[in-house]
Amino acid sequence: MRNDPSVIDLVERARDGDATAWDALVDRYAPLVWAICRRYGLNGADAEDVAASVWLRLVERLGTIREPAALPGWLATTVRHECLAQLRTRRRHLLVGDEAGLDTVDEPAFEELLVTQERHVAVRAAFENLPEHCRRLLSLLFGDPPTPYTEISSSTGTPVGAIGPTRRRCLDKLRSDPALVTVAGAERT
Amino acid sequence: MNDQELIAAIAAARREAAEVPERIREIGRAAFAWRTVDAELAALATEAPAGARAEPAAVRALTFAARDLTIEVEITDDALHGQVVPPRAGEIELRDRTGVVAVARVDEVGWFVLGPVPRGMFRLHLRAGDAVVVTEWITI
Numbered sequence: 001m002r003n004d005p006s007v008i009d010l011v012e013r014a015r016d017g018d019a020t021a022w023d024a025l026v027d028r029y030a031p032l033v034w035a036i037c038r039r040y041g042l043n044g045a046d047a048e049d050v051a052a053s054v055w056l057r058l059v060e061r062l063g064t065i066r067e068p069a070a071l072p073g074w075l076a077t078t079v080r081h082e083c084l085a086q087l088r089t090r091r092r093h094l095l096v097g098d099e100a101g102l103d104t105v106d107e108p109a110f111e112e113l114l115v116t117q118e119r120h121v122a123v124r125a126a127f128e129n130l131p132e133h134c135r136r137l138l139s140l141l142f143g144d145p146p147t148p149y150t151e152i153s154s155s156t157g158t159p160v161g162a163i164g165p166t167r168r169r170c171l172d173k174l175r176s177d178p179a180l181v182t183v184a185g186a187e188r189t
Numbered sequence: 001m002n003d004q005e006l007i008a009a010i011a012a013a014r015r016e017a018a019e020v021p022e023r024i025r026e027i028g029r030a031a032f033a034w035r036t037v038d039a040e041l042a043a044l045a046t047e048a049p050a051g052a053r054a055e056p057a058a059v060r061a062l063t064f065a066a067r068d069l070t071i072e073v074e075i076t077d078d079a080l081h082g083q084v085v086p087p088r089a090g091e092i093e094l095r096d097r098t099g100v101v102a103v104a105r106v107d108e109v110g111w112f113v114l115g116p117v118p119r120g121m122f123r124l125h126l127r128a129g130d131a132v133v134v135t136e137w138i139t140i
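In order, the protein sequences belong to chains A and B. Residues in the first sequence are numbered from 1 upward in steps of one, following full-length UniProt numbering. Residues in the second sequence are numbered from 1 upward in steps of one, following full-length UniProt numbering.
Possibly wrong hints are sitting among the right ones.
What the hints assert, rightly or not - Listed below are the simulated DMTMM-like cross-link pairs for lysine to aspartate or glutamate, each with C-alpha atoms no more than 25 Å apart in a straight line:
#	chain 1	residue 1	chain 2	residue 2
1	A	K173	A	E151
2	A	K173	A	D27
3	A	K173	A	D144
4	A	K173	A	E128
5	A	K173	B	D3
6	A	K173	B	E16
7	A	K173	B	E5
8	A	K173	A	D9
9	A	K173	A	E132
Rather than coming from a laboratory, the hints here were simulated on the basis of the structure. In this text, all values refer to a predicted model and were calculated from it rather than measured experimentally.
Go ahead and model the full structure; you've got the sequences and the hints to work with.
This is how it looks when you write it as structure tokens:
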């Protein structure tokens with residue numbers, strides 16, 4: 001995976017003390033943190049403890065992150081580690097290293113989760129970069145079943161015949177976003 | 001991904017982001033205040049069970065390495081027993097997420113004792129001569 005320029009930029013700005021850049025990093029990766037907590041069956045206060053540990057570690061790592069592309073992998077591993085620590089705390093009698101049966105997510109499953117999360121992070125970042133009319137149009141198409149074109153037309157003021165081409169242009173714009181071109185599988189098929 | 005798959009991926013990604021409790025983000029934003037800019041970070045170099053697995057006193061040894069010194073810590077039931085190597089006198093603080101929870105003197109041979117053993121995350125903050133070193137966060 002190549003480096004997403006926007007991540008490099010956010011990490012560098014946060015490192016220099018820019019709280020807005022840090023907030024953007026938190027926003028971007030909070031779903032990854034949460035998804036892994038959920039996978040380990042942690043929520044509520046347990047998940048908050050995990051998140052606190054992970055964010056604090058990330059803050060102190062800002063100065064030493066050389067390859068922002070490695071950030072999601074590092075985060076995922078750290079969250080997993082903290083989830084296991086949390087589970088261990090619940091079972092006080094278990095000592096470090098004695099984790100048989102504790103890690104219920106095997107390597108392939110974890111790897112798959114990470115790939116999905118990286119793709120979702122990139123998709124969200126690219127989506128946020130789209131012009132407003134694209135975001136609105138695509139949002140209407142998310143529904144299951146999707147909103148009929150006639151309804152989309154009346155709520156966006158786009159002629160029915162223009163919706164298909166507009167949708168295609170918006171999706172192509174999304175695909176060409178630097179955040180998304182770094183992600184495997186996002187290219188047009 | 002074809003167009004349909006891409007739309008489905010956007011929908012899934014955005015739904016997932018919407019499901020994250022706001023507390024998880026709040027905690028993240030607040031963590032930025034803990035950024036240390038004036039201290040050198042000592043990374044956890046080793047983590048080994050130092051004793052037999054005798055219950056209940058499971059002793060653990062941790063070594064944090066900074067550029068010019070290491071902080072070695074043994075964790076027992078009631079305290080953190082540590083040494084700064086090479087030895088130098090100073091002051092060491094035990095900090096958790098709420099701030100400083102204990103302070104101890106580091107003597108001339110580098111020894112210190114901090115207690116009680118913190119539950120949850122903590123880090124050590126050492127001032128010795130002109131060295132200011134903070135360990136990475138750990139949970140025991």
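Hint check:
At most 25 Å may separate the alpha-carbon atoms for a hinted pair to count; K173 (chain A) and E151 (chain A) meet this at roughly 24 Å. Only pairs whose Cα atoms come within 25 Å are accepted, and K173 (chain A) paired with D27 (chain A) is accepted, the gap being roughly 23 Å. With a C-alpha separation of about 23 Å, the suggested pair K173 (chain A) and D144 (chain A) falls inside the 25 Å cut-off, and the hint holds. Between the alpha carbons of K173 (chain A) and E128 (chain A) the distance comes to roughly 12 Å, so the proposed pair stays at or under 25 Å and holds.
For the proposed pair K173 (chain A) and D3 (chain B), the alpha carbon gap of about 12 Å is at most 25 Å, so the pair holds. The straight-line distance between the Cα atoms of K173 (chain A) and E16 (chain B) is roughly 22 Å, inside the 25 Å bound, and the hint therefore holds. Between K173 (chain A) and E5 (chain B) the CA atoms are separated by roughly 15 Å; this keeps the pair inside 25 Å, and the hint holds. For the hint pairing K173 (chain A) with D9 (chain A), the CA-to-CA distance comes to about 21 Å; that is within 25 Å, so the pair holds.
The straight-line distance between the Cα atoms of K173 (chain A) and E132 (chain A) is roughly 13 Å, inside the 25 Å bound, and the hint therefore holds.
Every hint from the earlier list agrees with this structure, and none is contradicted.
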